[in-house]
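Peer 1: This is what each chain is made of:
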Amino acid sequence: MSADALYQEIILDHYRRPHHKGLRAPYDIEVHHTNPTCGDEITLRVRLRGSGDETVVEDVSYDGDGCSISQASTSIMADLLVGATVAEGLEVEAEFHRLMLGLGQVAPDVDRLADAVALAGVARYPARVKCALLGWLAWKDAVVQVLGTRPATGEPTP
Amino acid sequence: MSADALYQEIILDHYRRPHHKGLRAPYDIEVHHTNPTCGDEITLRVRLRGSGDETVVEDVSYDGDGCSISQASTSIMADLLVGATVAEGLEVEAEFHRLMLGLGQVAPDVDRLADAVALAGVARYPARVKCALLGWLAWKDAVVQVLGTRPATGEPTP
Amino acid sequence: MTQASASPGTGGAPGYDVEAVRKDFPALDRLVHGDRPLVYLDSAATSQKPRAVLEAVEDFYLRHNANVHRGVHTLAEEATGLYEQARDSVARFINAPDRDTVVFTKNSTEAINLVAFTMMLADPPYRVGPGDEILVTEMEHHSNLVPWQLLAQRTGARLRWLGITDSGRLDLSRLDELLTPATTIVAVVHVSNILGTINPVTEIARRAHEVGALVLVDASQSAPHLPLDVSTLGADLVAFTGHKMCAPTGIGVLWGRREVLEALPPFLGGGEMIDTVTMESATYAALPHKYEAGTPPIAEAIGLGAAVTYLTGVGMPAIAAHEHQVTAYALGALAELPGLRIIGPSTPVDRGSAVSFVMDGIHPHDVGQLLDFAGVAVRVGHHCARPVCSRFGLPSTTRASFGLYTTTGEVDALVAGLRRVREVFG
Amino acid sequence: MTQASASPGTGGAPGYDVEAVRKDFPALDRLVHGDRPLVYLDSAATSQKPRAVLEAVEDFYLRHNANVHRGVHTLAEEATGLYEQARDSVARFINAPDRDTVVFTKNSTEAINLVAFTMMLADPPYRVGPGDEILVTEMEHHSNLVPWQLLAQRTGARLRWLGITDSGRLDLSRLDELLTPATTIVAVVHVSNILGTINPVTEIARRAHEVGALVLVDASQSAPHLPLDVSTLGADLVAFTGHKMCAPTGIGVLWGRREVLEALPPFLGGGEMIDTVTMESATYAALPHKYEAGTPPIAEAIGLGAAVTYLTGVGMPAIAAHEHQVTAYALGALAELPGLRIIGPSTPVDRGSAVSFVMDGIHPHDVGQLLDFAGVAVRVGHHCARPVCSRFGLPSTTRASFGLYTTTGEVDALVAGLRRVREVFG
Ligand SMILES: Cc1ncc(COP(=O)(O)O)c(C=O)c1O
Ligand SMILES: Cc1ncc(COP(=O)(O)O)c(C=O)c1O
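Top to bottom, those sequences are chains A, B, C and D.
Mapping of the first sequence onto the working numbering: residues 848 to 1005, in sequence order.
Mapping of the second sequence onto the working numbering: residues 848 to 1005, in sequence order.
Mapping of the third sequence onto the working numbering: residues 44 to 469, in sequence order.
Mapping of the fourth sequence onto the working numbering: residues 44 to 469, in sequence order.
There could be a bad hint or two in this list.
Capping the alpha-carbon separation at 16 Å, the derived lysine to aspartate or glutamate pairs in EDC-like fashion look like this [to be verified]: (1) B:Lys977 - D:Glu466; (2) A:Lys987 - A:Glu935; (3) B:Lys977 - D:Glu120.
By construction, these hints were calculated from the structure, which means they are not laboratory data.
Please construct the entire structure, taking both the sequences and the accompanying hints into account.
Peer 2: Spelled out as structure tokens, the structure:
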């Protein structure tokens, strides 16, 4: 594996010009995750719309510190989440997680992961996998928390 | 080194028929020493006669448990001590100790050590050195204790 | 590595090719006292090492040596991978349901002390304090006795123990009386290193759990010799040590149920065991790192991984069967020597492969020394189980102990050596 | 083994033949990412091992492997002899007046925890209790910080610390204020693993002794790099770790003044550390065995003995001079890179061979990863000294660290790699 294969142009682009970055209001839930071994951190806000199966991610905003992999991964994730249903958002998280833990042996689902496919190479670097997952774990946590605090049948966000 | 060189006939003789063995009274001092790693133990009694530089070992009696090396070594020691002055007894102890710690590189003083020369081979077996020394350390300890309790100018033993 | 093949070995269990196994252990070719082939009957003290283990360690140092965790460079990733794979191998070897419950220590002794210290510092219900009771047995190795004595002294708890019968078995008749609601922990040896007895630890654990006690099993002498399955053993905590099971020195294992290891507080503080640190305080890493402060014995863990892989390749059931047969053969042969008394079970039933004995009128030191001149390496002394010697009124014993590479021919050499000892000492 | 010869080396100190030294370290020939020669700049995490050490360990396992102490058979005598000779070698290496004050542990971390735990359990004056104070510094590795935090929490003592100046030195201005009659122990790092600072430990010890405190020096990063003389250092206790000084993993050392080690109570309980044992209680062995419970890391200690013999052969003053020169060269070359900031002393005065830095706008993970692709192995993160990172407002740094085998050519490779990192990340 070479530097270029890990640091694909698409990753560097997201890192240099992250999408959806910056914290915005209103939001339904804010979570804060850290990666104590490398000091990386993220604050993630999620704004939902609709209810039940129809719940859609209206906005994802975030701020934080981290390496190019974690920053690009979060930026790519935000692109994938905004406009998707929560269910779709969880599915893509599951798919991405599977890819990251596959030690480079798992073929990515290109349709579903879109730009996130560029991160496939990270799976071969166990020490970097947690960088790539930082934002995604925050997302999953946010969903668990917000669905825990909102009735499952779902009143619309006030 | 062979078994015969370590277990010389003279050692086996002392082991089978130890000299001066058994505890006798009267005595000036009794000491008890153990070798915790192998469970060996000895009780040693010393009876002195005379005073000052003239103090002579009148009797050495002992009882205990131990391997052939420790038993034979004590028997040989008793032979050397009985009738000697305390000063001579300490000298022979020093000489024997030097031999034992010499890792087989030290030539024994045959005149002074007499039968104890048969134990020279033990010095090559660090784990057995403490067996050979058990009785001797008890002797040295006994002298230190008894000279500590008797005036240095030396009243004769009552 | 050697798979047990179908060709007949020298004695031992049918189908077990002990000569092929022996070829994997270069140290067995050693000569002592000039020209005497080494007859190594001291495996209970430490085992010899197969080439596969030495090669795994050497390969690590020659190609992958780096500190583990947190590195992004190639060697650090490789070292981390090898170290954590070793944990996976050990988890499989003991059938641990959860690899994160396998904690690497430096030996059994540290593993046991880890539990004793953390129980001193724990919250209830695991905290040991005044009025609590600790139950051990008279058969323990000092490493599973002294930590509990110290714990009792340091906390005001009371140390109690199960005795030993004349035939060298645990005396379970007082078990119900000794197990009380005050019992916080029962620490018991699986296979005695001095008597050879295999103890009914599953039954003891069942009854200990009825009174709510934790159960620690010292598997130092079982892991190398018998199939060990922590998922059915019944213990909450299991300790064993690498150097007795074909691995390097400097590595041991504490396995524990996740719930217990999570509830106990950290032991040693330092690098690797933390989550985040400020000057005032720290939070602690998840299992297993919580208990692995500092740079771990990396090469040694990798060696242990290779060792359990090797043992699994030969087959633990096959090893157990082979050793059983060698032990039975030895018990039979020793019984015929006049003036020799076995200390411990004299039949091969529920019995490991350590055989202690005394010879009338001949001190164990002399027995051991004369055997050594004949090339036969046995251990003499109290074998770090002095209370067992005291129980039998002995200062010490001679112990022959066998391993996967021991042959009945070596037992014959022992017996011949003992005959010669008798000749010399009459 | 290589003696430093008079032929010119690649950079470094005059007369030091670094290429000859490198030939002793087979791992340095490794290629990574296909065809990239390894440039190993991570010696502060762990050193590579010279062939002499690997051979000493292998020779032990192939020819002398047995458990130590108490054996009368040939291998046991040989193993014991080799193990105790290793202690002699280490005693000579640190100029310890008394070989029995050299205690083998599994690493520095255990050595430091041994002191922290035994001070919790000691009698006065060494006992740490409520109201007592423990003085550390903000520059400590977690292994010399967390044990003292835990000791403070467990005993009610108060943890205090010396800060760090902007230039990466210990701020001694408050030393007199922080040292009080309540100070029971001062624990201070000799050479910082993250900043590279060499601390004035002799002066600190002198002042600590005036208030009656014990002084522990964490010499993990000095023992491998500088002549270390415990007889003049001023410390009461010194900890260091084998794997950073050319020895195997799994071995460390606690040296202590006899009086202190004798006064502190036992730590781990078990085999080898006892004198005699009954079921109720035990008496303890004399130093050093009192602190060496269980089967020690035998092969690892023998490896450490070979390592210090190797280092002495090359010459610690020559190694220190060589590393000083490489460090000076690196500080100069790094200073020329735009947007790179050294964290720690920027001149080679009173400075060890670890150099931490950050690059504007580029995360250390990315720096480390891209360097790795170029074959350059550096460490990134908080280097187990998170409070130092916090002090400088950083989540992490990149650290290049040098050893006796590092060349200025390798520093050039680092600098070239960093230029390429800047190209990629702009
Ligand atoms: C300054 C310092 N102290 C302590 C340690 C801990 O050493 P070990 O992890 O070998 O216990 C290290 C290295 O990790 C260190 O650099
Ligand atoms: C039954 C038993 N428990 C514990 C130990 C201690 O093992 P280690 O010395 O490797 O810590 C031993 C062996 O020495 C043993 O035989």
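Peer 1: Check whether the Cα positions of lysine 977 (chain B) and glutamate 466 (chain D) lie no farther apart than 16 Å.
Peer 2: Not satisfied, since the Cα-Cα distance of roughly 71 Å exceeds 16 Å.
Peer 1: For the pair supplied as a hint, lysine 977 (chain B) and glutamate 120 (chain D), is the alpha-carbon distance within the 16 Å limit?
Peer 2: 14 Å, holds
Peer 1: Holds or violated: lysine 987 (chain A) with glutamate 935 (chain A), Cα cutoff 16 Å?
Peer 2: Distance ~12 Å between lysine 987 (chain A) and glutamate 935 (chain A) Cα, so the pair holds.
Hint 1 from the list above is the single one not met by this structure.
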